[in-house]
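The listed protein sequences derive, respectively, from chains A and B. To convert, note that position 107 of the first sequence is 107 in the UniProt record's numbering; the numbers rise steadily by one, no gaps. To convert, note that position 183 of the second sequence is 183 in the UniProt record's numbering; the numbers rise steadily by one, no gaps.
Take these hints with a grain of salt, some might be off.
[What the hints assert, rightly or not] Below, a list of computed lysine to any residue pairs in the SDA-like style, where the Cα atoms sit at most 20 Å apart:
#1 Lys-333/B to Thr-31/A
#2 Lys-297/B to Ala-330/B
#3 Lys-151/B to Gln-248/A
#4 Lys-61/B to Pro-242/A
#5 Lys-313/B to Ser-155/A
#6 Lys-285/A to Ser-155/A
#7 Lys-88/A to Leu-62/A
#8 Lys-145/B to Asn-247/A
#9 Lys-5/A to Thr-31/A
#10 Lys-223/A to Pro-194/A
#11 Lys-99/B to Lys-145/B
#12 Lys-145/B to Asp-115/B
#13 Lys-175/A to Lys-223/A
#14 Lys-151/B to Asn-247/A
#15 Lys-313/B to Lys-285/A
#16 Lys-175/A to Asp-115/B
#17 Lys-184/A to Asp-212/A
#18 Lys-61/B to Ser-155/A
#19 Lys-313/B to Gln-114/A
#20 Lys-297/B to Pro-242/A
#21 Lys-95/B to Leu-62/A
[Said to hold, decoys possible] Some chain B residues well away from chain A (every beta-carbon gap over 10 Å; in silico):
#22 Val-147
#23 Met-321
#24 Glu-328
Hint data in this document are derived by calculation from the structure and do not stem from the laboratory. Yeah, the Cβ is synthetic: ideal placement off N, Cα and C, and Gly gets one too.
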Amino acid sequence: MSKVKVGIIGSGNIGSDLMVKLRKSEVLELTTMMGVDATSRGMQHAKEIGLHVYDNGVDGLLDNPDAVDILFDATSARAHIHNAEVAKKLGKQMLDLTPAAIGPFIVPSVNLGQHLDAENVNLITCGGQATIPIVHAINTVAPVAYGEIVATISSESAGPGTRANIDEFTETTAKGIEEVGGAKEGKAIIILNPAEPPIMMRDTVHALIEGDVDEKAITASIKNMVETVQSYVPGYQLRTDPIYDGNQVTVFLEVEGAGHYLPKYAGNLDIMTSAAVKVAEEFAKKRLEVMAN
Amino acid sequence: MTDIKITEVALRDGSHAIRHQYTVDQVRSIAKALNEARVPYIEVSHGDGLGGSTLQYGLSKTNELELVEAAVDAVDFSKIAVLLIPGIGTIEDLKEAEKLGAKMARIATHVTEADVSAQHIQTAKELGMETVGFLMMSHMAPTEKLVEQAKLMESYGADIVYVVDSAGALLPHEVRARIKALKHELSCDIGFHGHNNLSLAMGNSLAAIEEGANRIDGSIRCLGAGAGNTQTEALIAVLDRMGITTGIDLYKMMDIAEEIVAPILPKPQEITRDSLTLGYAGVYSSFLLHANRASEKFGIDSRDILIELGERKIVGGQEDMIIDVAAELASQKANV
Numbered sequence: 001m002s003k004v005k006v007g008i009i010g011s012g013n014i015g016s017d018l019m020v021k022l023r024k025s026e027v028l029e030l031t032t033m034m035g036v037d038a039t040s041r042g043m044q045h046a047k048e049i050g051l052h053v054y055d056n057g058v059d060g061l062l063d064n065p066d067a068v069d070i071l072f073d074a075t076s077a078r079a080h081i082h083n084a085e086v087a088k089k090l091g092k093q094m095l096d097l098t099p100a101a102i103g104p105f106i107v108p109s110v111n112l113g114q115h116l117d118a119e120n121v122n123l124i125t126c127g128g129q130a131t132i133p134i135v136h137a138i139n140t141v142a143p144v145a146y147g148e149i150v151a152t153i154s155s156e157s158a159g160p161g162t163r164a165n166i167d168e169f170t171e172t173t174a175k176g177i178e179e180v181g182g183a184k185e186g187k188a189i190i191i192l193n194p195a196e197p198p199i200m201m202r203d204t205v206h207a208l209i210e211g212d213v214d215e216k217a218i219t220a221s222i223k224n225m226v227e228t229v230q231s232y233v234p235g236y237q238l239r240t241d242p243i244y245d246g247n248q249v250t251v252f253l254e255v256e257g258a259g260h261y262l263p264k265y266a267g268n269l270d271i272m273t274s275a276a277v278k279v280a281e282e283f284a285k286k287r288l289e290v291m292a293n
Numbered sequence: 001m002t003d004i005k006i007t008e009v010a011l012r013d014g015s016h017a018i019r020h021q022y023t024v025d026q027v028r029s030i031a032k033a034l035n036e037a038r039v040p041y042i043e044v045s046h047g048d049g050l051g052g053s054t055l056q057y058g059l060s061k062t063n064e065l066e067l068v069e070a071a072v073d074a075v076d077f078s079k080i081a082v083l084l085i086p087g088i089g090t091i092e093d094l095k096e097a098e099k100l101g102a103k104m105a106r107i108a109t110h111v112t113e114a115d116v117s118a119q120h121i122q123t124a125k126e127l128g129m130e131t132v133g134f135l136m137m138s139h140m141a142p143t144e145k146l147v148e149q150a151k152l153m154e155s156y157g158a159d160i161v162y163v164v165d166s167a168g169a170l171l172p173h174e175v176r177a178r179i180k181a182l183k184h185e186l187s188c189d190i191g192f193h194g195h196n197n198l199s200l201a202m203g204n205s206l207a208a209i210e211e212g213a214n215r216i217d218g219s220i221r222c223l224g225a226g227a228g229n230t231q232t233e234a235l236i237a238v239l240d241r242m243g244i245t246t247g248i249d250l251y252k253m254m255d256i257a258e259e260i261v262a263p264i265l266p267k268p269q270e271i272t273r274d275s276l277t278l279g280y281a282g283v284y285s286s287f288l289l290h291a292n293r294a295s296e297k298f299g300i301d302s303r304d305i306l307i308e309l310g311e312r313k314i315v316g317g318q319e320d321m322i323i324d325v326a327a328e329l330a331s332q333k334a335n336v
């Protein structure tokens, strides 16, 4: 089977984890790594596995535009603005893993099919990928007036980009809870916990429901959604059954990473990169179909 | 010129103790009276800072920005401070509070996570606010780590860095060592924020002052999370006896405590078995009422919940873990 060529911009934690995952894909062929620090661990590894490596970021692609069809941006919201312009100029599809949120939001378990032709899609945040499916699952049974999520990640797994721009995380996630999750109002909180050994990523969803609370139907919808997410993030699970209190439902989640680049505690990294690969594979399948016809 | 500058935190930390039910009238009358008593700083926010009104921490009865506005309107001497915990509130929230007249920004992070506060501290400074770096749960890091993190906050522009004993877990010699090291390594002012869970808030505040801290937080009538903070009116009396000036009118503070604040309290602020457990286990003081509720819902002794949270090194803001741990303990109990 032929593959669609992809490249990664950014050689930090996210970019390095993507490298591991993309090499396992049956429809995507990782060809290029675009970083800024040739001596970084991610760039060194990219060289070792024989990728085209550019240390002037996305601009490297200008000399070799046919090397990729789809780009993953694992840099920062600020850097994404330029990266998105270059991608647009070269006509490459862009999967944005920063909180820049230029393109439409995408959560594979909720709206994967809606944006297959979009030139730029945004993966929201790790907390968004973990919790928005649950908000959506509740919202399909009963309208969610307010959806609030708390993402707790180990300090070890929060890179400098996340730390320097923590408001972007909360603001982008809140928007995703509304636009993709369907809540009328969204709110997101992120907490860093420095405990050693590092804790697994934890996510809690609190939702206020309008009208009758059909506990059985809501719980079933949530469990169904958890299975869907597990199809691309195997370490995603409910910690306990949903807890109901009047019109409030609370859902406790844990995300164990695949342990590809960072250890298993970094479920936050894993859910983001797994979601991105899932989306890229759908993009690729569509392209291959079009080509086959 | 005063020796020690006091920040009154009852209208922020006390928000936890009354489940975030402050009204505009209460805030206005307390702020007005504190202003008359010449308290230099009055902190007003949800207990978890701007943006803290949530299902996770408790919804505010009144939008905190209305409370900030009411406090600003009630004062002509005191400065209104707001708390902001990056990850919960945002720079936008801070800008709105500043527009309403807040003059001091207290930017809080867990003691090891100061680098998430860089943007917020810089923005507060750009807005012309007096800016505090607030290192919460200071008992959870050794002194060297605390110094390293405090230096980061100073480098972002903080005018003052606080050692915050959020759990009321620090012992006087531990406070002493921390303040001493900060005084030695930093050039900005140093502050201390205590909780009285181990009945050490006053002793710890005095230890901090002796080592050179010149900013101390208090809550009038102990109206703060857990067993409350250093009781402001008592602190003023003690400092006066020591010949240390705060510029605050002691009798007026006593009257406010007795006549305005005490009637608001659902029950007197005491060291109960649960608040004592907070200090003993090293758990964030605002967990108290949440643990009480989880205890009732799941039929588990709240002390067992708090001890377990302490063992798991749960940090401030992780209120969701209280239910999670209570549910887990309940299922373990059911399986025995």
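Outcome of the hint check:
{"no.": "1", "hint": "Lys-333/B to Thr-31/A", "verdict": "violated, 54 Å"}
{"no.": "2", "hint": "Lys-297/B to Ala-330/B", "verdict": "holds, 10 Å"}
{"no.": "3", "hint": "Lys-151/B to Gln-248/A", "verdict": "violated, 42 Å"}
{"no.": "4", "hint": "Lys-61/B to Pro-242/A", "verdict": "violated, 26 Å"}
{"no.": "5", "hint": "Lys-313/B to Ser-155/A", "verdict": "holds, 13 Å"}
{"no.": "6", "hint": "Lys-285/A to Ser-155/A", "verdict": "violated, 37 Å"}
{"no.": "7", "hint": "Lys-88/A to Leu-62/A", "verdict": "holds, 12 Å"}
{"no.": "8", "hint": "Lys-145/B to Asn-247/A", "verdict": "violated, 43 Å"}
{"no.": "9", "hint": "Lys-5/A to Thr-31/A", "verdict": "holds, 6 Å"}
{"no.": "10", "hint": "Lys-223/A to Pro-194/A", "verdict": "violated, 30 Å"}
{"no.": "11", "hint": "Lys-99/B to Lys-145/B", "verdict": "violated, 35 Å"}
{"no.": "12", "hint": "Lys-145/B to Asp-115/B", "verdict": "holds, 13 Å"}
{"no.": "13", "hint": "Lys-175/A to Lys-223/A", "verdict": "violated, 24 Å"}
{"no.": "14", "hint": "Lys-151/B to Asn-247/A", "verdict": "violated, 46 Å"}
{"no.": "15", "hint": "Lys-313/B to Lys-285/A", "verdict": "violated, 45 Å"}
{"no.": "16", "hint": "Lys-175/A to Asp-115/B", "verdict": "violated, 25 Å"}
{"no.": "17", "hint": "Lys-184/A to Asp-212/A", "verdict": "holds, 17 Å"}
{"no.": "18", "hint": "Lys-61/B to Ser-155/A", "verdict": "violated, 33 Å"}
{"no.": "19", "hint": "Lys-313/B to Gln-114/A", "verdict": "violated, 42 Å"}
{"no.": "20", "hint": "Lys-297/B to Pro-242/A", "verdict": "holds, 14 Å"}
{"no.": "21", "hint": "Lys-95/B to Leu-62/A", "verdict": "violated, 41 Å"}
{"no.": "22", "hint": "Val-147", "verdict": "holds, 16 Å"}
{"no.": "23", "hint": "Met-321", "verdict": "violated, 8 Å"}
{"no.": "24", "hint": "Glu-328", "verdict": "violated, 8 Å"}
When each numbered hint is compared with the structure, violations occur for hints 1, 3, 4, 6, 8, 10, 11, 13, 14, 15, 16, 18, 19, 21, 23 and 24.
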